[in-house]
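Novice: Chains as they are written, first to last, in UniProt numbering: chain A, 1 to 154; chain B, 1 to 126.
Just so you know, these hints were derived from the structure itself, not from any lab.
Note that the structure is a prediction, hence the values are computed from the model and not measured.
From the three backbone atoms N, C-alpha and C, an ideal C-beta is built for every residue, glycine too.
Incorrect hints may have been included.
Here are the simulated lysine-lysine pairs, PhoX-like style, with alpha carbons at most 25 Å apart [claimed, not checked]:
| no. | chain 1 | residue 1 | chain 2 | residue 2 |
| --- | --- | --- | --- | --- |
| 1 | B | LYS89 | B | LYS111 |
| 2 | A | LYS37 | B | LYS96 |
| 3 | B | LYS96 | B | LYS111 |
| 4 | B | LYS41 | A | LYS37 |
| 5 | B | LYS114 | B | LYS96 |
| 6 | A | LYS37 | B | LYS111 |
| 7 | A | LYS5 | B | LYS111 |
| 8 | B | LYS114 | A | LYS91 |
| 9 | B | LYS89 | A | LYS91 |
| 10 | B | LYS114 | B | LYS89 |
| 11 | B | LYS89 | B | LYS41 |
| 12 | A | LYS91 | A | LYS37 |
| 13 | B | LYS41 | A | LYS91 |
| 14 | B | LYS114 | A | LYS37 |
| 15 | B | LYS72 | A | LYS37 |
| 16 | B | LYS41 | B | LYS72 |
Examples of chain B residues lying across from chain A (beta carbon under 7 Å, computed) [what the hints assert, rightly or not]:
| no. | residue |
| --- | --- |
| 17 | THR60 |
| 18 | ALA83 |
| 19 | VAL94 |
| 20 | PHE98 |
| 21 | ASP103 |
| 22 | LEU112 |
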Amino acid sequence: MQRMKVEEKEKEKEKEKEKKPKFQMNDHIDILIEVLKRLDGPSLGVAACVCRLWCTLTRSDSLWEHLCFRHVSSPPPSSVRPVVVALGGYKRLYMVCVRPVLSRLRNSHSELVWTRDEVQLSLSLFCVDYYERRLGGGATSASSLMFLCNPVNV
Amino acid sequence: MKFCTVKQYFDDENNNNVTNGIATTVIPLPNKHLKIKANNKEMEQYEQELLRNVMPQELTKLILAANYLNFKEALDFFCRTVANAIQNKSVDYVRKFFGLESDFEPGEEEKLCKEFAWSFEGVDED
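Chain A on its own, in the form it takes in the complex:
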């Protein structure tokens, strides 16, 4: 009886080995990045919790940069990048300035296209956020300008 159980277990192990897919997404990081680039913000957050590799990949600011300006009609000049990185990075830009606006616009527009003005507004608000943090206070302080990111009750 015991020998049969051992044999059964070995057979199960072999079956499992066969079931494991030969082409694993995690073996092809460049392809995985291409897929992650096409996700929206919340899905990228979920992806970060999947496994260590995905977490490391989502820490890359270039993914968030791609996300921030994906809907922009003409991408901002490359000189913007060092400024954004110095002020806190694209992930923070997305969280603080882009996401609040996108989530409101999503209800009214099916095809989202940002113009240069909206990009510049986001970047300006990002600068405001940085300096308010440096000077102490931040978005929670009464005199903060970050209320501009919040929805307005008209």
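Given the coordinates of chain A, work out where chain B should sit on it, guided by the hints.
Specialist: For chain B alone, coordinates are given in the frame of chain A:
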């Protein structure tokens, strides 16, 4: 020429990257693309069909084949299809989809879920 890699593929006998089955799916794609290009709805229908009939591992193979054959439109299409399939889904769904397992330490995953708590709002139910 879009298909210089295809010629190379046929010339190259030792080819592990692209199995024959996959090649038969990817190579007729350009014709399909030209027909469907005008009509977005048909593309969506084709995408839905693809997702229903094709296992995630097959999709990964398709992406690899399109990448190897240097076929940019197909690569973009398949990557978009996979991204749409996992968009707005839970962590467990994504893991199941790709056959992945969590390799986090016990405390790590909790920390990450707290950090990304905002992304779990409005996630589709499995």
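Novice: Hint by hint, note whether the structure agrees.
Specialist: Consistency of the hints with the structure:
no.: 1; hint: B:LYS89 / B:LYS111; result: 19 Å, holds
no.: 2; hint: A:LYS37 / B:LYS96; result: 20 Å, holds
no.: 3; hint: B:LYS96 / B:LYS111; result: 22 Å, holds
no.: 4; hint: B:LYS41 / A:LYS37; result: 23 Å, holds
no.: 5; hint: B:LYS114 / B:LYS96; result: 22 Å, holds
no.: 6; hint: A:LYS37 / B:LYS111; result: 24 Å, holds
no.: 7; hint: A:LYS5 / B:LYS111; result: 41 Å, violated
no.: 8; hint: B:LYS114 / A:LYS91; result: 16 Å, holds
no.: 9; hint: B:LYS89 / A:LYS91; result: 21 Å, holds
no.: 10; hint: B:LYS114 / B:LYS89; result: 17 Å, holds
no.: 11; hint: B:LYS89 / B:LYS41; result: 23 Å, holds
no.: 12; hint: A:LYS91 / A:LYS37; result: 13 Å, holds
no.: 13; hint: B:LYS41 / A:LYS91; result: 33 Å, violated
no.: 14; hint: B:LYS114 / A:LYS37; result: 23 Å, holds
no.: 15; hint: B:LYS72 / A:LYS37; result: 15 Å, holds
no.: 16; hint: B:LYS41 / B:LYS72; result: 21 Å, holds
no.: 17; hint: THR60; result: 5 Å, holds
no.: 18; hint: ALA83; result: 4 Å, holds
no.: 19; hint: VAL94; result: 5 Å, holds
no.: 20; hint: PHE98; result: 5 Å, holds
no.: 21; hint: ASP103; result: 5 Å, holds
no.: 22; hint: LEU112; result: 5 Å, holds
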